[in-house]
Amino acid sequence: MSSPPELGMQFSDLRQQKDAYRLGAWVFVASEIMLFAGIFLVYLIGRMTHPEAFTEGSHELNQFLGAVNTAILLTSSFSVAVAVSKAEDKKYRTASWLLLLTAVMGICFLGIKAYEWYEEYERARVPGLNFTYEGEHLPGLLLFFWFYFTSTALHAIHVTIGVLVNLWFAWVCRYRAHWVPDPSPVVLSGIYWHLVDLVWIFLFPFLYLVGGAS
Amino acid sequence: MKDYLYEDVSLKSWLLTTDHKRIGILFLLTITFFFIIGGVAATLMRMELATAPGDLVSADVYNRLFTLHGTVMVWLFLIPSIPATLGNFLLPLMIGAKDLAFPRLNLLSWYVFLFGGLLTLWSIIIGGVDTGWTFYTPYSTTYTNSHVIMMAAGIFIVGFSSIFSGLNFIVTVHSLRAPEMTWTRLPLFVWTLYATSLIMVLATPILSVTLVLIAAERLFGVGIFDPALGGDPLLFQHLFWFYSHPAVYIMILPGMGVISEILPCFARRPIFGYKFIAGSSLAIAVFGFLVWGHHMFAAGQSLYAGLVFSFLSFLVAVPSGIKVFSWTATLYKGSIRFDTPMLYALGFMGLFTIGGLTGLFLATLAVDVHLTDTFFVVAHFHFIMVGGMLMAYLGGLHFWWPKMTGKLYPETLGRISAVLIFLGFNGTFLPQFILGYLGMPRRYYAYPEQFEFLNVISSAGAVLLALGYALPLAYFTWSLIKGRPAGADPWNAAGLEWKVSSPPPHHNFETIPVVEQPYRYPRPGHE
Amino acid sequence: MKTHLLVWLSLMLLLGLTVVAWQYHLGFLMALAIAVTKAALVIAFFMHLRKESPLTKFVAGAVLFWLLILFGFTLADYFSRLGF
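Residue numbers (the numbering used here), protein chains in the order written: chain U, 1 to 214; chain P, 1001 to 1527; chain Z, 2001 to 2084.
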């Protein structure tokens, strides 16, 4: 009995391998969700302790660009979902284009995010770098901006990894489709990208939409 | 067919191995190294406490010693102890698999552990940390000048090793069981590893967040925990204990699994209440997440939260009690043999019971106010973590040593070590219950004269304990060279791991193994 | 494809809704409810949780349970101690 080359020696058949990968991806997602949950919990306590400061900090952010970025990320999640179903139908060429599109949207997201960071840097709002503020909400505002930079940076790291993974599978699906006779790896990278999207779905209102429009 | 040890003996083949058995051995060597470091710190502390005045080390050095001891023993020894060594080695063998589901992730887990561990060690070498292993704020974030950030970074990295192992174990148990290995035939050790993995995957990320927050407050002066900056120190304790209380169950559940394997084998009786023991492992893992507030009774959390956490803490006693009763019932009418693993297992049962029951004292709100931060607490958790987990770890190591190395250790010396450790442990920690009850606080390097007598007994006990630990280190090493060959099944034990040769071949099983009911003792056709 | 398109449209609609809710000062709980709805849509349809095995659903349910523990118990202390 010869086994297919993509089958790991620890598995007895491809179905078992697929199930293991799928479960592994979901357990990984579970762990990641707990990581961001911890950050959100601290955010919530900070916001309850310093409501005015968090509102003020939020108003200093660029709501328009934040919303645009949310739209981009939601759309990229859509395109990766379609890419995965194309890959599952063995339509690797279409899947490749959609994965490339997803990666491009991820890069746009990062570009806009970087521009926003630059805006906040100009306004002297980066803790540890140039944070200066003379108003009455000092500890709270520092906390808000620390959250803002930590959570968006952590998220941006995830986006960057996701972009690289998407580019990689776009290339594989286009030129090395025989490497993925079973589309599982593409499905897994899709799950990861959706996770990135999920986190942002919460970050957007938590950071940009505090306390209502001024 | 060569076994896994001699299949390829080059250093490279060890450093790049993806064989779960070899990775188990790598972890064994690494955590033994860290255990010795933590043990040296403990020895120095007991030497300082042997006399009332602070004379051997300065207060500052003493603070660094107990921090070192706690950090190294918790994160670099106990958390990985049974899961990463025995668990790694045995899990695939016990369920009839050729390896874990993600062998390369498993190797990565070791490298991450090693890197994080060495970083922690480096923070100790360049001056150490004086906050205690709990890193309580605002002291750790605002006041101390020690190397908190570097140590936190080390522990942060070690956490990922834990997550990787947990993920690997969960997926392996779900998807790699041999066809006939149903959930109700799963060895109880596997059940406890599964429960432990749940905690590792779901709780460790919160620890990572907490450590990052400490670094942020230290580096940027962000007011998260320090009330002077508008933060809340209790928030730190919530986050820290959300991880660290369940982590206590990481440090006992696998031990319970080992005991459930040893007892039936040496009592020649099937385990009593298989389903109850399996279920109670999961129950402990879940309940473990609902009780973290009992670390904060005296810290100023709300009274209502305290009441709820106190009540829930009592609930943990139920699954723990189910286990102890089931083990005892397993022994009933057994034909018991007192080999070394069994002596360790029996020691575990006694010490764990004492540790668990004194936990109920501490879960009682009013009593806890009296006992918080005294030696009573120290004694209590050492009964669980050393009397429980370390006894189980050594018992398991003796039980499976012939399987792992193919060699027998000297049985008489083994029994002597088990008895020495049991006596030495009680000598060290029983007096500490009394000291704590009388009001001796923990974490002080000097104390009033009236506590000296009990402290001398405790230090004397520690000498026995140290001897007890040195013995296995010596005869295990000796047995590698001079030990008699063990054969596949020296204990005449049930379980798939005993069906393969010792040491096991590279890919464990040539053909898919036949699975029988678990714990079929006495062995039909063998006795 | 059709489902995916519908889900994407609803997500964009919800994004608009959350911004409008912000402009009309509908508060944190409204924003949270919308975010949870969006997340549920992504998980159920984009990540195909609906069609996944019972085991995967169990993992998702477990995370939800653990989130409730983390937030529930911690916030319970805060509400009963500081009365936010």
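Derived from the structure by calculation, the hints contain no laboratory data. All values derive from a computational prediction rather than experimental measurement. It is possible that some hints are incorrect.
[Stated by the list, open to error] Only part of the chain P face toward chain Z is listed, based on derived beta-carbon distances under 7 Å:
#1 1143
#2 1146
#3 1202
#4 1302
#5 1305
#6 1450
[What the hints assert, rightly or not] Just so you have them, the derived chain U footprint on chain P, three or more residues with Cβ under 8 Å:
#7 1207-1213
#8 1219-1226
#9 1317-1330
Cβ atoms here follow ideal geometry from the backbone N, Cα and C, with glycine treated the same way.
The hints, checked one at a time:
1. 1143: violated (24 Å)
2. 1146: Constraint on residue 1146(P) not satisfied, violated at 28 Å.
3. 1202: Where the cut-off is 7 Å and the nearest Cβ of chain Z is about 5 Å from residue 1202(P), the hint holds.
4. 1302: This interface hint holds because 4 Å falls under the 7 Å limit.
5. 1305: holds (4 Å)
6. 1450: This interface hint is violated because 38 Å lies over the 7 Å limit.
7. 1207-1213: Answer holds; 5 residues pass the 8 Å Cβ test.
8. 1219-1226: Held - the segment 1219-1226 of chain P has 6 residues with a Cβ nearer than 8 Å to chain U, which meets the minimum of three.
9. 1317-1330: violated (count 0)
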